[in-house]
Amino acid sequence: MIINLNINGSNIKVEVKEDEYLSETLRNNGCKSVKRGCDKSTCGACTVLVDGIPVLSCSYFSHRAEGKSITTLEGVIEEAEKLGEHIINEGADQCGFCTPSLALTTISMKRELGNPTEEDIKHYINGNLCRCTGYEAQMKGIKKYLEVE
Amino acid sequence: MIRIRNLNKPKTMEEAWEIYSNKNKAKLIAGGAFLRLSTDLYIGEAVDLFDLNLNGIKETEDAFTVGAMTTLRQLETDSALNSWFDNYFAAALKNIVGVQLRNIATIGGTVYPRYGFSDLITALLALDVDLQFYKSGRISLEDYMEKGLLEKDILVEIIIKKNINNASFKMMRNSKGDYAILNCGVSCIHGKYRIAIGGRPGRAVLATDAMEILNAAEKIDEDIIGKACNAAAELAYGTNIFGSGQYRSAMSKVLLKRGIREVLGNDN
Ligand SMILES: Cc1cc2nc3c(=O)[nH]c(=O)nc-3n(C[C@H](O)[C@H](O)[C@H](O)COP(=O)(O)OP(=O)(O)OC[C@H]3O[C@@H](n4cnc5c(N)ncnc54)[C@H](O)[C@@H]3O)c2cc1C
Ligand code: FES
Ligand code: FES
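Residue numbers (our numbering), protein chains in the order written: chain A, 1 to 149; chain B, 1001 to 1268.
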């Protein structure tokens, strides 16, 4: 089936299978920031925004995205670079596999909550697992980003 | 992995029912998140509920009516619902995986399969809740949890009545995002206590003996609370990788005591 998507501002028509998930569709269309971690709704590495709402693209059927705007990290590079600087300064980036989804979730949180408390932040990024950093440094980086930006 | 031979996107309930009831190997798809966990699932006819307009929370004088396709995140953040129930739903839902999953997973896809680990079912069972099915009509959640349905059906909406004074949800899990080892909802409906315990790990049930002890008491003091907790610990608790039956039984006393105290505290 053919679906219409707006990916990071560009309208495209894409052929997808009935049982295809959005992570596969996006990666096939050049969005390599969308990671396939667990592929089972657990790690958050596949996070993208659908009409501004963060979802797990590994568990979101592609046909559901018909007519919707999809944002991946490639679509928010400027904001992500600012956050990335704080993440790196705090040593919160090791293998980097979780970083694109963490950045996208943080940007979405900032848009949704404006000025979140530490508790709000912990709650919002809870679905983004990281095997390397132990989260403390990520938390510091996110807080600095929110303070500064 | 899911394989779908044919995807149907009905626009009306009649159309959805026609396909679902007549076609062999037909399967309803709500959020699709739990189906995603299937290791090998072949669906001949997928019936996507997305376009049926079953998404949203409506408030009337007596109840909140929640469409089956409403996401867990909508329940968690709906200001009218959470203001009426004093953030009870936000507390019950906030530890389920992450925001991104809760933006996909639906109330219908949770209640219909009666998942034993569910936090939401326990939270709902502790309140006065009815289910509206397409064919079987309106049934209380309590009856549905106990007996299920005789025939397959489509859950259309969940009616949460606004007759409670207070409610409290307690759970324990090893880490945020993990399944709950045990969860417990307590409410006070027109002066009568109602207690649901889930994650046993079997399906959530009402702790009827504990409820009777509380409801028969003239005054609820620590002694009565202790007796109610002991009664709740006698429910059937099983063992899985998250905890033993014995551990769950012991923990049920702790969660229930906290829940009752919170409901009492709010009453004062
Ligand atoms: C990794 C993971 C961890 C989770 N952890 C928790 C947790 O800790 N606590 C918790 O409470 N929940 C948890 N959940 C469950 C989640 O909250 C939802 O209950 C689950 O995803 C089902 O919702 P869905 O919309 O995805 O349903 P789907 O996967 O689409 O459907 C589930 C089943 O319900 C049927 N169905 C769906 N809608 C209807 C309807 N309207 N009428 C009749 N049948 C219907 C489907 O045919 C299917 O059999 C977890 C889910 C995942 C994927
Ligand atoms: S890849 Fe989607 S949650 Fe892990
Ligand atoms: S930096 Fe390696 S998974 Fe997070």
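These are calculated hints, taken from the structure and not from any lab test. Note that CB positions come from ideal geometry on N, CA and C, so glycine has one too. Be aware that one or more of the hints could be misleading.
Every beta carbon over 10 Å from chain B, so not counted as near; a handful from chain A, in silico [said to hold, decoys possible]:
id	residue
1	Tyr60
2	Thr133
3	Lys144
With a straight-line cut-off of 20 Å between C-alpha atoms, the simulated PhoX-like cross-links for lysine-lysine are [stated by the list, open to error]:
id	chain 1	residue 1	chain 2	residue 2
4	B	Lys1094	A	Lys122
5	A	Lys110	B	Lys1227
6	B	Lys1227	B	Lys1257
7	B	Lys1176	A	Lys122
Each hint, compared with the structure:
With a least CB separation of 6 Å from chain B, tyrosine 60 of chain A falls inside the 10 Å interface cut-off, contrary to its annotation. Every C-beta of chain B lies more than 10 Å from that of threonine 133 of chain A, the closest at about 16 Å, which supports listing it as non-interface. Against the 10 Å criterion, lysine 144 of chain A stays outside the reach of chain B, whose nearest CB is about 22 Å from its own CB. The suggested pairing of lysine 1094 of chain B with lysine 122 of chain A holds, with an alpha-carbon distance near 11 Å, which does not exceed 20 Å.
For the proposed pair lysine 110 of chain A and lysine 1227 of chain B, the alpha carbon gap of about 47 Å is over 20 Å, so the pair is violated. Taken as a hint, the lysine 1227 of chain B and lysine 1257 of chain B pair is honoured in the structure, with Cα atoms around 10 Å apart against an allowance of 20 Å. The suggested pairing of lysine 1176 of chain B with lysine 122 of chain A holds, with an alpha-carbon distance near 10 Å, which does not exceed 20 Å.
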